[in-house]
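Spelled out, the chains give:
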Amino acid sequence: MTVHALWVINKAGGLVFSRSYSDTLPPLPLNTILILAGTLHGIHAITSRLTPAPPPGPVGGLESFEAESWGGRVFLTPTGTKFVVLHSLPHPGLDDLLKRIYETCRACSTCVDISC
Amino acid sequence: MTIFSLYIFDRHCDCIYYQDWNRTRPLRAPSTTNFKPGVHRLAPAQPSQTAGTRESIFSSGFSSGGIGTGITKAGNAMGSGAGASQRGLPFDEEAKLVYGVVLSLRNMVKKLSGRDEPLTSYSTPHYKLHLYETLTGYRFVLLSDPSSDSLRFVLRQLYTGAFLEYVVRNPLIDMDSRTEGIDNDQFRSAVDRHMKSLSVFS
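These protein sequence lines are chains A and B, in that order.
Oh and the first sequence: position 55 is 55 in UniProt numbering, straight run, nothing missing.
Oh and the second sequence: position 54 is 54 in UniProt numbering, straight run, nothing missing.
Okay, chain A solo, but in the shape it has when bound (with noise of 0.2 angstroms):
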């Protein structure tokens, strides 16, 4: 149970907060994450299109993905701000860990300053 990195990618798919919590995953440079944070911006949008059985109402897009020894969550705020979690597997309690994350991104002055 560990939590490798946190990304916090705003509406637009711009990567605004970016930290590294263990050292599992290799450190990559700055630019690397911001174009694969911009990436996951697009595969969740495009997801949430291939949906086989779509509900009424909105359909939500990616949330979760595995590979074989880590995975990642992303959480979407009403706003459109993502949080997402890289995690060793298997980690319980993710959804709500993302929530507090975001409580308290929401209570910071931080989160005013960046418009989420």
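In short, the hints are calculated from the structure, not lab data.
Some clues are possibly wrong.
[As the list claims (entries may be wrong)] Computed spacing ranges between beta-carbons, pair by pair: (1) ARG106(A) <-> THR134(B): 43 to 49 angstroms; (2) PRO90(A) <-> LEU172(B): 26 to 32 angstroms; (3) ALA107(A) <-> PRO26(B): 45 to 51 angstroms.
[As the list claims (entries may be wrong)] Covered, in the sense of this in silico footprint (three residues per stretch, anywhere, with C-beta under 8 angstroms from a C-beta of chain A), are these stretches of chain B: (4) 13–26; (5) 109–123.
These numbers were taken from a predicted model, which means no experiment stands behind them.
Just so you know, even glycine gets a beta-carbon here, dropped at the ideal spot from N, CA and C.
Dock chain B against the given chain A, drawing on the hints supplied.
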């Protein structure tokens, strides 16, 4: 718990096989210009309706116009909400989207982990996509209910069972043709039997 659809892509990025179960938003058949035989058994677009024919000519004309128009079209469909998305995409466009998503996520996972680590699945609130890649470059993609566990073993079973038996060992199938799929009656019914025997199906 249910299973929605199965795609098989070859190393040329072409979809060579498609089958679906329990989809409430059915796919439309591709326009005649983009039709590739031996991949799916969707009912062909009905030529008797003049409106339908006109629409398909119109849309194929647009899609040849370049990437720019494609993006605008997708953007419009996304903006117009759930009403438009209920209609379903043409088969060829959906297959390209599935392949694109899988490829980009796979590259992202590779870059982040710094080694050749495969993507196994991703999920949204409404479905879960499982991926199994063979060493020969075939990619098996299965869409299932979001609550199901990993179904990669099912895809592996399909590869080592039905795929080897009815496709690789079938002399009538051209494995590397880029103009035709691998569809045949035995393979389709074997896949169907295998899926329906799973506990996650139903």
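Comparing the hints with the structure gives:
no.: 1; hint: ARG106(A) <-> THR134(B): 43 to 49 angstroms; verdict: 46 angstroms, holds
no.: 2; hint: PRO90(A) <-> LEU172(B): 26 to 32 angstroms; verdict: 45 angstroms, violated
no.: 3; hint: ALA107(A) <-> PRO26(B): 45 to 51 angstroms; verdict: 46 angstroms, holds
no.: 4; hint: 13–26; verdict: holds (count 5)
no.: 5; hint: 109–123; verdict: holds (count 12)
Checked against the numbered hints above, the structure breaks only hint 2 and satisfies the rest.
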